[in-house]
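Engineer: Based on the provided sequences and hints, a complete structural model is requested.
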Amino acid sequence: MVGKLKKFFGRKPRISREQAMTAFHRRYASFKELLQANADLAGILAGLNAAQQGERHMETSQVRKEARRAIFRCDRMAAALNDISGQRHQGLNTSVHSIAGRIEKELDQRTRGDVPSLTLDLTEVDASMAYSVGGKNANLGELRNMLDMPVPRGFAITIKAGTIFLLRTPGLFKSVYSLLRSVDPDKPDSINAVSRQVEKLIREAAVPKEVEDALLKAWDMAYDDDPQVVAALRSSAIAEDGVQSFAGQYRSLLGVTRNDLIPAFKVVVASLFSPRALTYRASHGYALDATGMGLCCVEMVRARAAGVVFSRHPVDLRSNSIVINGLWGLGEMVVDGSGTPDQWLVSRATGKITKTTIAHKAVRLRLVRKVSGVESELAPVPDALRDVPCLSDDQVRRLADMAMELERHYQYPQDMEWAVDEEDQIILLQTRPMGLDSTAEEKAAPILGHLRPLLSGADVAARGVGCGPVVFVGDGEDITHFPEGAVMLMDHSSPSAMSAMRRASAIIAQTGSLTGHMASICREFGVPTLMNLPGVTGVLSEGQVITVDALTGRVFDGEIPELLALRLTRPQAKADSPALMLLRRVAPYILPLHLVDPRADTFTPEHCTSLHDVMRYAHEMSYAEMFQLSDSVTENSAGVASQLVSSIPLDLYVIDLGGGLRNPEARRVLPEDVTSVPFRHVLDGMLNPAVQARGPRPVNMRGFLSVMGQSVIGCNEEGCSRFGQRSYAIVSDRYLNFSSRVGYHYAILDTWCGDTLSKNYIRFEFAGGAANNVQRVRRVRCIGLILKELGFTVELTGDRIRARYQKYPRPELCSRLDQLGRLLIMTRQMDMLMVDEAAVTAYATKFLEGEYH
1 MVGKLKKFFG RKPRISREQA MTAFHRRYAS FKELLQANAD LAGILAGLNA AQQGERHMET
61 SQVRKEARRA IFRCDRMAAA LNDISGQRHQ GLNTSVHSIA GRIEKELDQR TRGDVPSLTL
121 DLTEVDASMA YSVGGKNANL GELRNMLDMP VPRGFAITIK AGTIFLLRTP GLFKSVYSLL
181 RSVDPDKPDS INAVSRQVEK LIREAAVPKE VEDALLKAWD MAYDDDPQVV AALRSSAIAE
241 DGVQSFAGQY RSLLGVTRND LIPAFKVVVA SLFSPRALTY RASHGYALDA TGMGLCCVEM
301 VRARAAGVVF SRHPVDLRSN SIVINGLWGL GEMVVDGSGT PDQWLVSRAT GKITKTTIAH
361 KAVRLRLVRK VSGVESELAP VPDALRDVPC LSDDQVRRLA DMAMELERHY QYPQDMEWAV
421 DEEDQIILLQ TRPMGLDSTA EEKAAPILGH LRPLLSGADV AARGVGCGPV VFVGDGEDIT
481 HFPEGAVMLM DHSSPSAMSA MRRASAIIAQ TGSLTGHMAS ICREFGVPTL MNLPGVTGVL
541 SEGQVITVDA LTGRVFDGEI PELLALRLTR PQAKADSPAL MLLRRVAPYI LPLHLVDPRA
601 DTFTPEHCTS LHDVMRYAHE MSYAEMFQLS DSVTENSAGV ASQLVSSIPL DLYVIDLGGG
661 LRNPEARRVL PEDVTSVPFR HVLDGMLNPA VQARGPRPVN MRGFLSVMGQ SVIGCNEEGC
721 SRFGQRSYAI VSDRYLNFSS RVGYHYAILD TWCGDTLSKN YIRFEFAGGA ANNVQRVRRV
781 RCIGLILKEL GFTVELTGDR IRARYQKYPR PELCSRLDQL GRLLIMTRQM DMLMVDEAAV
841 TAYATKFLEG EYH
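Residue numbering for the sequence shown is 1 to 853, as defined by the UniProt record's numbering.
Since the hints were derived computationally from the structure, they do not count as laboratory data.
A few of these clues could be false.
[Unchecked claim] SDA-like, lysine to any residue: derived pairs with alpha carbons at most 20 Å apart:
no., residue 1, residue 2
1, K160, D126
2, K355, M404
3, K370, P380
4, K160, P208
5, K174, S274
6, K160, V207
7, K187, P170
8, K160, D189
9, K174, D75
10, K105, P588
11, K105, R585
[Said to hold, decoys possible] Have a look at the derived ranges for each label pair, beta carbon to beta carbon:
no., residue 1, residue 2, range
12, D213, R386, 23 to 29 Å
13, E562, P671, 48 to 54 Å
14, P649, R804, 23 to 29 Å
15, G850, D189, 43 to 49 Å
16, E795, R585, 29 to 35 Å
Computed from a predicted model, the values in this text were never measured in an experiment.
Just so you know, even glycine gets a beta-carbon here, dropped at the ideal spot from N, CA and C.
Structural biologist: This is the structure in structure tokens:
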């Protein structure tokens, strides 16, 4: 009966603190996710707009990448808004999917060849089949069948085979997709956890019989039922435009026998969802739930030596050299950067060897048969071979000729892997487009004769200049929290550093290979990188600020302005470039903003016709939903909010998300009970004795009568409405969301104040008032003058001001938060004082000089 009465009178039953806080934390986490996605999306749209205006160069692959990243961020914003609101904005999901479909139709212009077979012998494959068998298979088939070059025996496992396994195994992909939906690309821990679960699901799944039979039959056909054959099973993924490297993202298994083929197939397919692969796809805008992987199964060459050839110098684009790297044994140590190889430079013009560098080679990787199967393991290099070149001069020249032939055939510089077998014959293992250093400019570093470098003579893996404090990263170390702008120092190069390398201003590896995976990714990401500096870890100290000259291979102590001035920029886009033509086709579905006025009848999900519209709608509605949520939680739960008892003239309640209050369950708290860093500084400003009222505030009668007149007629001018009297501070140890709504004006302060510079920001918004529109506008202009002087970026719209201050050290933010606390007190009734234009400047000057009355 009581429940019916409460329902009849509109009262909601009280819920426990635990229930309320669980609900609030869940929605608050979605709110933060939405804000982050919004910030990311703003950067993407700005980049696309700059490219459209000719201010920034983009390749076709980058346009596709950025467009898909924008779709992904919009999808996350829509999902987060629905989580906050209890699924009240379902129409936004429909709009996102509709717009995404139009964009994908424009992006996906090429026909993806449909090969019905699950396997193809390499004798049946050529480059035109890349979208059916993947790039590695297509190129090997092209080498064998079109160019008559030596390649191993083998067969291609088509993308269709992997897709059938993933999509037709009952329940498999549904479970995989569900896990992938929970990935946050900006939280490496979530990527690692999901990856482990997904890979476990795939490895434990049963391969459909049609796929298993096809694979075993292809093995027998390719290798003539030879029981001694040992194969390498490698991924052969689809690469966007053939330009993205996908270097080292997926598994390659060596020493595979017929008995190992099916479980090995599952291991390689599972690597589609490895932490490294998921991180790479997220950062390049590819869908996380990719199923397009072919596999390449080729007979393993019993290699005496192996390595890589670059048909052009991978870093110095002015060089006219072919670069050949090699080691004794299998070539994995060249590719992954764990070994320092022999190196030859060969003139592209004459074919002559112009430089030979022979490394000391103490160990090599060899195939060894064991009871458990065939494995690769490190073995000592015989003493007589340790300082002997692994290739003869004739073999070097033959490899250089092959590289030039491939470049002419593909009309693009090539990255070619090779091996020399026990009969001294060269076998080609793969070729692919080189990941050229697209940020390289024809600029020479200054000589700097007056400065002595700490180190010099390093190999330049990716050109550029970087400066920052040294942070050492050990083997296998968690680099989730690698600091923004630091210089990453490593013992040896490793592609596993990829998850943090975008945050590094430069990278230094004590050992490594210019032709390794990490070097390719560094060039792709544009991170200045030096390799092969013996003893560097003993010369540089943790936290030491250095300048990395990845133009000439030097390291300087401190900041060197002459070097930092050499900012490498990309060339301007051409008006008729394919990338710009593609951008023009997709831009109407991405960039325009049609939803300008939140009060308009058309401000609905159904009227979103671009991703920018989706972004605007979700961002605007998220604030409204969060304010409603905070009211409902505090009014219908027991003890969620604590009332702040102080001399501040606000009815202020505090909700602690963790670390913000000494006792978050107390019903009443004092200012000294606040442990939140940002809220503590805002309170310090509001409670500053100089700001506190000392007797009645001087009142200008004209302004006072204006306020009274507007109140009497209901303040019904445009944009003016009365708010409730309760204000809220949502706090954690480093976070504050302060919503002050008093009378006819409101202020919102949102800030993260921590140790990581790149995360720190303040966002402030103020609007409304009880005076007439002219006086309200004057007040926000006065506030704008103050905030600009304090270093904020300010945006004024009518009687509304938005300001932001971001990426500054914590002490700088704390100082601004103190000032904002003072400003919130001073401006409460400032609108009635804004009787003329002179008042705008006068009161701004007073505030900045510390006069608050």
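Engineer: Against this structure, judge whether each hint is valid.
Structural biologist: For each hint, the structure was consulted:
Note on K160 and D126: the hinted pairing holds, with a Cα-Cα distance of about 17 Å set against a maximum of 20 Å. Between K355 and M404, the direct Cα distance comes to roughly 18 Å. Compliance with the 20 Å bound is thereby established for this hinted pair. Between the alpha carbons of K370 and P380 the distance comes to roughly 18 Å, so the proposed pair stays at or under 20 Å and holds. Between K160 and P208 the alpha-carbon distance is near 12 Å, which keeps this suggested pair within the 20 Å criterion.
About 18 Å separates the Cα atoms of K174 and S274, which keeps this hinted pair within 20 Å; it holds. A threshold of 20 Å between alpha carbons decides the hint, and for K160 with V207 the separation of about 13 Å falls inside it, so the pair holds. A hinted pair counts as satisfied when its Cα atoms are at most 20 Å apart, and K187 with P170 does not qualify at roughly 30 Å. At most 20 Å may separate the alpha-carbon atoms for a hinted pair to count; K160 and D189 exceed this at roughly 32 Å.
A threshold of 20 Å between alpha carbons decides the hint, and for K174 with D75 the separation of about 19 Å falls inside it, so the pair holds. In summary, the hint linking K105 to P588 is supported, as the alpha carbons are separated by about 13 Å, within the 20 Å threshold. For the given pair, K105 sits about 10 Å from R585 by alpha-carbon distance, which is consistent with the 20 Å threshold. Between D213 and R386 the C-beta distance comes to about 48 Å, which lies outside the given range of 23 to 29 Å.
At roughly 50 Å, the beta carbons of E562 and P671 sit within the given window of 48 to 54 Å. Between P649 and R804 the C-beta distance comes to about 27 Å, which sits within the given range of 23 to 29 Å. Checked against the hint of 43 to 49 Å, the pair G850 and D189 passes, with Cβ atoms roughly 46 Å apart. For E795 and R585, the hinted distance range of 29 to 35 Å is satisfied, since their beta carbons lie about 31 Å from each other.
In terms of the numbered hints stated before, the structure departs from hints 7, 8, 12, listed from lowest to highest.
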